[in-house]
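Using the sequences and the hints given, assemble the complete structure.
Numbered according to our numbering, the sequence shown spans residues 3 to 339.
Keep in mind the hints are simulated off the structure, nothing from the lab.
Errors might be hidden in some of the hints.
Distance condition first, Cα-Cα at most 25 Å in a straight line; then the derived DMTMM-like pairs of lysine to aspartate or glutamate [what the hints assert, rightly or not]:
1) K71 with D115
2) K212 with E190
3) K160 with E145
4) K315 with E254
5) K154 with E196
6) K187 with E153
7) K52 with E254
8) K68 with E196
9) K192 with E209
10) K212 with E145
11) K270 with E233
12) K77 with E41
13) K253 with E233
14) K137 with E209
15) K28 with E60
16) K315 with E41
17) K292 with E209
18) K315 with D55
19) K315 with D224
20) K263 with D320
21) K36 with E153
22) K253 with D320
23) K184 with E196
24) K28 with D115
Please read these numbers as outputs of a predicted model, since none were measured by experiment.
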Amino acid sequence: MKTSSKGSQPLEPKSKKQNNKTGKIKVAVLMGGKSPEHEISLISGREVVKNLDLQKYEVLPIVISKDGKSFILGKVNYHFGQLSIVNCQLFFIAMHGHFGEDGTIQGFLELIDIPYTGSGVLASALGMDKIYSRKLFTQAGLETPRYLVFEKGNSLKKVLRQFSFPLFIKPSNQGSSIGSSKVNKRKELKQALEIALSFSRFALVEEYIKGIELTGSILGNDNPTALPLVEIVPTRQFFDYNAKYFDNQTKEIVPARLSQKLTKIAQKAALDAYRSLGCRGFGRVDMIIKGNNVCVLEVNTIPGLTPMSLLPKAAQADGISYPQLLDKIIRFAFKSS
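Structure below.
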């Protein structure tokens, strides 16, 4: 079987469902879905489809509907429960947020016994939940921002007693900063909490740390490696959904402008966070640095794969092209199945 470039190992499919005529591996690319990140998922998925090496893969794009009840295969619409009829060797998951990144689709693919890219059910669920992931980061000896958990019916005094402004309000289980707000004044607090709680049962109230925003991309299963760090300099108040995908003014500097010592500390923190959740394949760890302290914010188990996304930029800085990155992700999926 052909190998991927840059000296990577042969691809290792779990089964032998290659097209007998071509010897290619049949990969279904899942995109879309029910989450608020549906449109961004479509961009990620299309980018994956465009960059998969057609000499190695037979590519099958699959768009999951916004209601999650159907999918489009070619020009035919099927009920979602019929996904098992798709004859392929591997599902490449390019679905962000709920039902794509939280372990839901991973559990379904486990049931129908088809290998898939990225982390498994538990790691995906933990990565999506900011509260439980923070607890695991702390157990792993990692520093996180000071925070409290807020739910509907709690008094604002719970926040005001423990925090000063500015601060952050985030839903406990959304991706891409959906529903997150930077709160500068007391009068903004109630609305920010209402927004966060409209997306999740719990909101995370988090101290504001003024420092260097970083993201560390990770590749691998049992022995993962850290790619060059990306420094983020947003023009908005923080690196929110629009800044990530629509604001061309945000500066993303790779490698980050850190000393060699601090770079190693931050990369180790990213690796430790990734391992603490039991992640595999690939992921991205968001962090912030104040002085010599690295605070871990969250792990993204299916980071964006759009042309503007940070994982492909980090890979490129390490000499890994987008098609080579996809090769690696697919190989890790087969190794973990």
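Here is how each hint holds up against the structure:
1. K71 with D115: Cα-Cα ~20 Å, so holds.
2. K212 with E190: holds (19 Å)
3. K160 with E145: At roughly 23 Å apart (the allowed maximum being 25 Å), E145 and K160 satisfy the hint.
4. K315 with E254: holds (9 Å)
5. K154 with E196: holds (8 Å)
6. K187 with E153: holds (20 Å)
7. K52 with E254: Holds - the C-alpha atoms of E254 and K52 are around 24 Å apart, at most 25 Å.
8. K68 with E196: holds (24 Å)
9. K192 with E209: holds (16 Å)
10. K212 with E145: holds (15 Å)
11. K270 with E233: Status holds; Cα separation ~16 Å.
12. K77 with E41: holds (19 Å)
13. K253 with E233: holds (8 Å)
14. K137 with E209: holds (16 Å)
15. K28 with E60: The given pair, whose Cα atoms are some 5 Å apart, holds under the 25 Å limit.
16. K315 with E41: Between K315 and E41 the Cα gap is close to 21 Å, so the pair holds against 25 Å.
17. K292 with E209: holds (13 Å)
18. K315 with D55: At roughly 19 Å apart (the allowed maximum being 25 Å), D55 and K315 satisfy the hint.
19. K315 with D224: Satisfied, since the Cα-Cα distance of roughly 23 Å is no more than 25 Å.
20. K263 with D320: holds (19 Å)
21. K36 with E153: Status holds; Cα separation ~24 Å.
22. K253 with D320: Answer holds: K253 to D320 is near 19 Å, not above 25 Å.
23. K184 with E196: Roughly 13 Å separates the two Cα atoms, so the pair holds.
24. K28 with D115: Distance ~15 Å between K28 and D115 Cα, so the pair holds.
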